[in-house]
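Following the hints, put chain B in place on chain A, whose structure we already have.
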Amino acid sequence: MLGSTPTAALRVRNLRKAYKDVVAVDGLELEVRTGECFGLLGPNGAGKTTTIEICEGLTDPDSGDVELLGMHWKSHAGELRQRLGIQLQETQLADKVTVMETIRLFRSFFRHGPATSEVIALVQLEEKMNARVGGLSGGQKQRLALACALVGDPDFLFLDEPTTGLDPQARRQLWELIEQFKLQGRTILLTTHYMDEAEQLCDRVAIMDHGKVIALGTPRELITSIGVEHMVEFSAGGAAKPLELTALRRMDGVRDVRAENGTIQLQVTELHRAVPALLAELARQGVTLTELRTHSATLEDVFVTLTGRRLREE
Amino acid sequence: MSETTVVPEIRARAAARKAPSRRGPADHALVQLTMTRFREFRREPEALFWVFIFPILLAAGLGLAFRNRPADVLKIATVTPELAQSLRKDKLLDVQQLSTPAAEEALRTGKVALLAEPGPNGTVVYRYDDTNPEGRTARMLADRAVQRAAGRVDPVASADRLMREPGSRYIDFLIPGLLGMNLMGSAIWGMGFAIVDARRRKLMKRLIATPMPRHYYLLSFLFSRLVMLVIEVGFLLTFGVFVFKVPMRGSLADLVLLCVVTSLSFGALGLLIASRARTIEAASGLMNLVMMPMWIVSGVFFSAQRFPHVLQPVIKALPLTAAIDALRANMLQGAGLAQLSPELLVLAGWLVVCFPVALKLFRWR
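Protein chains in written order, with this note's numbering: chain A, 1 to 314; chain B, 1 to 365.
I should point out that these hints are in silico values taken from the structure, not numbers from a laboratory. A portion of the hints provided could be inaccurate.
What the hints assert, rightly or not - The list that follows gives simulated cross-link-like pairs (lysine to any residue, SDA-like), each with its CA atoms no further than 25 Å apart:
hint, chain 1, residue 1, chain 2, residue 2
1, A, 96, B, 216
2, A, 96, B, 306
3, A, 20, B, 47
4, B, 202, A, 193
5, B, 202, A, 14
6, A, 96, B, 47
7, A, 96, B, 207
8, A, 20, B, 205
9, B, 205, A, 79
10, B, 202, A, 131
11, B, 202, A, 165
12, A, 96, B, 173
13, A, 141, B, 104
Here chain A stands alone, though its shape is the one from the complex (with noise of 0.2 Å):
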């Protein structure tokens, strides 16, 4: 059907969705495979929660095709609801009950799927079985939601901003058990703004901004799509005159160079020739070097390439 793979668990086309005088979601199409982690990456506002709030039939748009598990939403609410796996971003559960209580209510709503305890067991939330939610830190209640998002043994897992919030190690504990539903075969959408946490977990990424996908494809593929490997960012002081930025440009290996907040950026496909020859031209204008890093190229820069912009405005 239109050349799309036929195991495709979601087919998204021409999605559109307003609000007042916001377009969040401007005509996207997506596609994801059975059995792969899909990212949606992309900044605040870009329409990351639109989508995937339409696409786990909560948001109705205002037009567009939704295509999940080979059903649809008007067709088939009550049996897509029993095959998937929602996280919401700040769902607050509710303090009083405790996390076994939580996960039995969850269950209660599901014809299959595996026992409390298995659940328990599986989110690694044993010992605060008894505890109220409200005694939770956020990295157990984060470990709750997707207990709760895992009761129905779904086939698709949707998780919007898993880990948004969270301290590194709880960030860290959490990949790994998402790493533990792909082994299980299970089809993830997932969204971020954590570059890191698409490059980790996401077998293809999608791009999002302004509501549309703007780049597509495997987290290698989009950072080499932009065709440099490393980045050298620096600050100088004590310069008498402005840095001249076209000289930096015209360096060996240099494919571009932006200047922020006094911090001068450089795109690099040759880390071995273009930091030498940075350094000479530094000393050719009188500069002094404040602070030199290199890294190679992620995700976040490719977002920056396409966009001019950051992915988290700090």
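For chain B alone, coordinates are given in the frame of chain A:
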């Protein structure tokens, strides 16, 4: 992850799904939802206080303040032992025998209502303030005692029958009023806060993302309300009957039915109030706006008849007025359901108007 390792895993999952899971009736979604309601309520000490303890305290306090006291004993003074002896024969008089200056002082300062002293030629003089009702009563009682002690026999024999039966006291009026007020408060607060809180937390949105049938969610409130009703009504009535001997002259089945209908009407009203509000502040403002006028005009603490005649049709159309009038008629006059049909109609009217409108307006997210 390569395709070749993923595919067998999917098969393994499909096989695992077929395994039946052992689940009892307690795992039914409606049971679980209702139990969650109870847990949340039970673990909220403030809610327990307002629903159970507060009405009892109110009944006890008001019952004590407006209790029917035995007729007051009047304090009088006299100056001779003979007079004192004659006067003490009347149990309603508390007689002090004092010296003349002390007795005059006591009368002047109002410590006694009357001073009886011997006059010339074997007469008795009563000194009292005739503008004070206590003084006039004391005069009659004292004179009767003196005359009887001197040998007077009443030409007509008389007997007293005292009217202090349960059913006509203030506490009898109050308990059905408090019962109605409690039914209104717990239905409106109980539903309103729980619903708005779940909406604010996006918990409601999370629930509708599951296969949970939406009407189960609303039904769970209804069921928990009905069970709670038995407990809270039982609590207040037991207290009223055992501590204050409040009569329950009507049929108990009718009373239960009245409580259920009342609770359903207020539940529907609570649902309507909570149908759109997104914050606790907005909801509690709305709840107070709805309940406050009824606390005042619906006859909880004093008869609704005290309000002007033109307002009566409006007051009678309020659900709390209907509920309290019906509860009072059942408990105090033993009225049957047929006599209570106007009140039942008012309550049913509120139910059939509020409930569909609330469902129509209800915001799930």
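When the hints from earlier in the document are held up against this structure, which numbers fail?
2, 3, 5, 12 and 13
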